[in-house]
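Its first residue numbered 1, the sequence shown is counted upward by one per residue in our numbering.
These aren't lab readings, by the way, just hints derived from the structure by calculation. Keep in mind that the hints are not guaranteed to be accurate.
The calculated label-pair distances, taken between Cβ atoms and stated as ranges, are [claimed, not checked]:
id: 1; residue 1: Asn44; residue 2: Asp134; range: 48 to 56 Å
id: 2; residue 1: Leu43; residue 2: Lys150; range: 44 to 52 Å
id: 3; residue 1: Leu137; residue 2: Thr46; range: 31 to 39 Å
id: 4; residue 1: Asn25; residue 2: Leu137; range: 44 to 52 Å
id: 5; residue 1: Trp131; residue 2: His52; range: 46 to 54 Å
id: 6; residue 1: Ile129; residue 2: Asn51; range: 20 to 28 Å
id: 7; residue 1: Ser73; residue 2: Asn160; range: 29 to 37 Å
id: 8; residue 1: Gln72; residue 2: Trp131; range: 22 to 30 Å
id: 9; residue 1: Thr147; residue 2: Phe78; range: 41 to 49 Å
id: 10; residue 1: Asn25; residue 2: Glu53; range: 12 to 20 Å
Only pairs whose alpha carbons sit at most 30 Å apart, straight line, appear in this in silico DSBU-like list of lysine-lysine [stated by the list, open to error]:
id: 11; residue 1: Lys50; residue 2: Lys34
id: 12; residue 1: Lys171; residue 2: Lys99
id: 13; residue 1: Lys59; residue 2: Lys98
id: 14; residue 1: Lys150; residue 2: Lys81
Here the structure is a predicted model, which means the values were calculated and not measured. For glycine and all other residues, C-beta sits at the position ideal for the given N, C-alpha and C.
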Amino acid sequence: MNIIKFSSNNSFLANHFQQTYNQKNKFVTLQNSKKIIFVINNLNQTIEIKNHEIKFTYKCPFSFNQIFSDIQSYLSQFNFKFGDALFFPFSNILKKNKKIINLNFIHNTILTLILFNEDGVSKDELYKIIWPNDFELSMNKLDTHFTNLKELVKINFKINLNIRSYQGKVKLVIN
Numbered sequence: 001m002n003i004i005k006f007s008s009n010n011s012f013l014a015n016h017f018q019q020t021y022n023q024k025n026k027f028v029t030l031q032n033s034k035k036i037i038f039v040i041n042n043l044n045q046t047i048e049i050k051n052h053e054i055k056f057t058y059k060c061p062f063s064f065n066q067i068f069s070d071i072q073s074y075l076s077q078f079n080f081k082f083g084d085a086l087f088f089p090f091s092n093i094l095k096k097n098k099k100i101i102n103l104n105f106i107h108n109t110i111l112t113l114i115l116f117n118e119d120g121v122s123k124d125e126l127y128k129i130i131w132p133n134d135f136e137l138s139m140n141k142l143d144t145h146f147t148n149l150k151e152l153v154k155i156n157f158k159i160n161l162n163i164r165s166y167q168g169k170v171k172l173v174i175n
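All chains, please: the whole structure from these sequences, using the hints.
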């Protein structure tokens, strides 16, 4: 399942966009995650793609590459704010003022899944997304990455990243 969801009153169009997007962008998420929804409208000889913030219009025939490039450009600016920092999940970046941390895949995945799942994310599910080919779950490996991520943010931004684990679920507590 992808964080990006396409919907339309034309199910063929929505499914085609979703499948094509998923092939190009493997941003895995969980069933109950918040989604960024793009609504597709087919109006005469144009396609309109919009969400609550933006609207793109394309004349038919259109290029999927152009559409997905425009969507990626929009998503590269999508962010979550916590404290004085901004997290850009589609760019793997944490930013505070003019200082930037480029996150690795694991740290970006941890923060993304936690922030797109306000009620928390199961440590087991998180582990399986990050290391899908491991036969045995080693929660110590996941906990080490939590610690490394917290230290990275603390050293660079002087922010205590409060990742809490309770009853097998991980949450980010923002004060």
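We went through each hint and held it up to the structure:
no.	hint	result
1	Asn44 - Asp134: 48 to 56 Å	holds, 51 Å
2	Leu43 - Lys150: 44 to 52 Å	holds, 48 Å
3	Leu137 - Thr46: 31 to 39 Å	violated, 49 Å
4	Asn25 - Leu137: 44 to 52 Å	violated, 27 Å
5	Trp131 - His52: 46 to 54 Å	violated, 35 Å
6	Ile129 - Asn51: 20 to 28 Å	holds, 25 Å
7	Ser73 - Asn160: 29 to 37 Å	holds, 33 Å
8	Gln72 - Trp131: 22 to 30 Å	holds, 26 Å
9	Thr147 - Phe78: 41 to 49 Å	violated, 27 Å
10	Asn25 - Glu53: 12 to 20 Å	holds, 19 Å
11	Lys50 - Lys34	holds, 17 Å
12	Lys171 - Lys99	holds, 25 Å
13	Lys59 - Lys98	violated, 39 Å
14	Lys150 - Lys81	holds, 16 Å
In summary, the structure is inconsistent with hints 3, 4, 5, 9 and 13 from the numbered list given earlier, while agreeing with the others.
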